[in-house]
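J.: These are the residues of each chain, in order.
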Amino acid sequence: MKKFLSVVRREYIQRVRTKMFIVSTVLLPAVMSLFGLVPAIILSIETPPMRVAVVDQTGRMYSQIRQSLFSDLPEPEAQNSNTPRTTPRRGFSRFIMEEVTAGNQSLDQVRTNLDQRLQSRQLDAYVILPPDFLSHGKAEFVNRNPGDLFSPRALQSAINRATREQRLIDANVDTKTRQELFKPVELQAATAGTGGQERETGNRFALVFGIGFVMYLAILMYGQIVLGAVIEEKETRIAEILFSSVRPFALMMGKLVGVSLVALTQLAIWSLAFSGFALYGAGVLASQGMPANIPSIPLSHYIYFGLFFLLGYFIYATIYALVGSMVTTAQEGGQLAMPIILILVVSFYLFWPVSRSPDSPFSFWVSMIPFTAPVAMLVRIVTQTPPFWQIALSLLIGFSSVLLIMWVAARIYRVGMLMYGKRASIPEAIRWARQA
Amino acid sequence: MSEEMAASETTVKLDRVSKSFGEFTAVRELSLDVRAGRVFGLLGPNGAGKTTTIRMIVNITAPDSGAILLFGRQIDQHVQDRIGYLPEERGLYRRMRVADQLRFFAEIKNLRGKQVESKIDEWLARVKLSDWKNKRSMELSKGMQQKIQFITAVIHDPDLLILDEPFSGLDPVNVELLKEIVLDLKRAGKTIIFSTHQMEVAEKICDDICLLNRSQKVFEGSLRDIKRSFGRNAVAVRCEGGDGVLDDPALVSKVVRHADEAQALLASGADAQTLLKRLIDSGAVIDKFEMMEPSLNDIFITKVTEPA
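Keeping their order, the protein sequence lines are chains A and B. Counting in this note's numbering, the first sequence runs from 1 upward without gaps. Counting in this note's numbering, the second sequence runs from 1 upward without gaps.
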């Protein structure tokens, strides 16, 4: 046991000390915050407001458009508590409105005047609402800068709202009725059997997906390192010295645990950094009147998330260790391990069938198979939490498989080590595991 | 020296040990006694089964049949910690600093705490590498790395030290340095198993030898006994003229000529007196005519080339 801990400590300290580790640990949050901040900074750059002239031949629309454009009312169809508002955000579309009355001039003269003002850059765009605008709904829009995609859209929806309002006024609908008519609907996500209590299943799915994704990332990044660690003693020819002192199983487990602690250290630092950003971001959003929803989840689920994340990570990391025990160079090993990682990708697709019928026999079995259990079982837990014995059984099968795979890997390693420079074929590996 | 060792004169005992890899038999029915406090040479040509024998002694592979006793008992974790092993295939962690590396190797032999630090300093000083304590091993020359590897085998003060080709690739100064250390360890009562195919080195430091050839023991015993059993049948000759005499197969079975001297192995039935007489008769001017013990090298070659 003490020797096992020595192996763990060596793996951990040697790796955490490397420049590579320190740089990547610091760099990722830095780069991510850069990616987060730069667009925000760019978008917040103040652009001059768009100067729009309106020729209102109906005589009733201009004030409605003004009101619609400058009131901060959200668009009715976007009124849903879970989706962000789509009102023109500050920085995108600000307008300076101006009403141009035709007076004695003909429409062509007005148009010529406006065109001149466009060319001399006194004006950015103009809209001509013909007298029959309210019935036909067709207006003429001329924009000096056709590349601007946002402002015309904001203008259009403002005119849209104004027209709707005006049509209702024309139809003698009173103010109160108008407000009633536009009252938005809301879909409330609720789970059966919880007495109508609101539960944000969508957010939970996102969380399961997020955990699966972090697991996938951790395996992609650290699987190769586990592989390298197992091969290290073969390449440096230290294995024989070690095996005269440490049992192969203790050595293999020590390596797996040591590297995994490095991975967890890095992930912990990153998640601290990210939750820092997230809290800061939520604070910023809240200060702008957009409170972020933090999903309310029972504590036991957080524990399950942690356990199944660990299971997912370890079950795939052991595959890299197993491959490492058979090959002599890291490149060879990487190719050999890749198909197995595809199973992890496939297990993401199980998301849909399992979430649709979480208590079907299919869902039960995939949540027991170690390679698919981490994603499948988490989906079941957040949709229709299965009985505790199933969760415990899934964890038991999973972690026993980790130990079993490591035990096999240690045996293959021990025999393979005695034959330097030779890569084991699968039948050979099986024979080695038996005979060692 | 521990009580167990005092109780049994034999540090390592192999009793009819065999080991095969598939069709190939690496070691066949091998019995050995390595006596406590002596240097035991495990000699033989490449592929004779030396390394497999050692791997069975240090518990890396298990024998197919037969028994192995260390310090009078079956090998276990505790006994394993009393062994120091320098395999022929050896290396260091390339990016690890020398001191960290030695500390790790001490730890996996259950040597911990403050004494490790003093041991590291002591041994680095002894092999004259104190200045390299905090360097990464990839910065060291091959010879320096070999000395560090040697320390990994002895840092935990083992009662049994097993060295497989310890001097290969070292310059003569460092060979001398390590040889002195090995002899010091022997004087301190340690048992040393020394495997090599370099007979000149073995001849200088081994008390007992065992010669393996084609998976089997050819002979075993003290170096002195072996040489005696071969008799004084070699002659060192320095003379001018008389070359034809040394080439007479009736008198000389084999002749090795050096710069100014020839070593002649007498043919069976011939004796040195006859050879000397023939040389004088042929008119050779003799500077030196000396009866010699056969070198271990000669014995080795004779035994290994004998038809099985």
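Keep in mind that the hints are not guaranteed to be accurate.
As the list claims (entries may be wrong) - When the alpha-carbon atoms are kept at most 25 Å apart in a straight line, the in silico BS3-like pairs for lysine-lysine are as follows: (1) Lys2/A - Lys119/B; (2) Lys303/B - Lys19/A; (3) Lys19/A - Lys135/B; (4) Lys2/A - Lys142/B; (5) Lys142/B - Lys114/B; (6) Lys133/B - Lys3/A; (7) Lys135/B - Lys204/B.
Treat the hints as calculated values from the structure; they're not laboratory data. Being a predicted model, the structure only gives us computed values, none of them experimental.
J.: Is it true that the CA of Lys2/A sits at most 25 Å from the CA of Lys142/B?
T.: 31 Å, violated
J.: Between Lys2/A and Lys119/B, is the straight-line Cα distance small enough, at 25 Å or below?
T.: The given pair, whose Cα atoms are some 20 Å apart, holds under the 25 Å limit.
J.: Just to be careful, I want the Cα atoms of Lys303/B and Lys19/A compared with a cutoff of 25 Å; is the pair within it?
T.: At roughly 57 Å apart (the allowed maximum being 25 Å), Lys19/A and Lys303/B break the hint.
J.: Against the 25 Å threshold, does the CA-CA distance of Lys135/B and Lys204/B hold or violate the hint?
T.: Not OK: Lys135/B and Lys204/B at ~34 Å, beyond 25 Å, violated.
J.: For a C-alpha distance cap of 25 Å, please report whether Lys142/B and Lys114/B respect it.
T.: Violated. Lys142/B to Lys114/B sits at ~29 Å, over the 25 Å cutoff.
J.: Taken at face value, is the distance from the CA of Lys3/A to the CA of Lys133/B at most 25 Å?
T.: It holds: about 23 Å lies between the C-alpha atoms, which stays within 25 Å.
J.: Given the hint that Lys19/A pairs with Lys135/B, does the C-alpha gap stay at or below 25 Å?
T.: 16 Å, holds
Of the hints listed earlier, those the structure fails to meet are numbers 2, 4, 5 and 7, in rising order.
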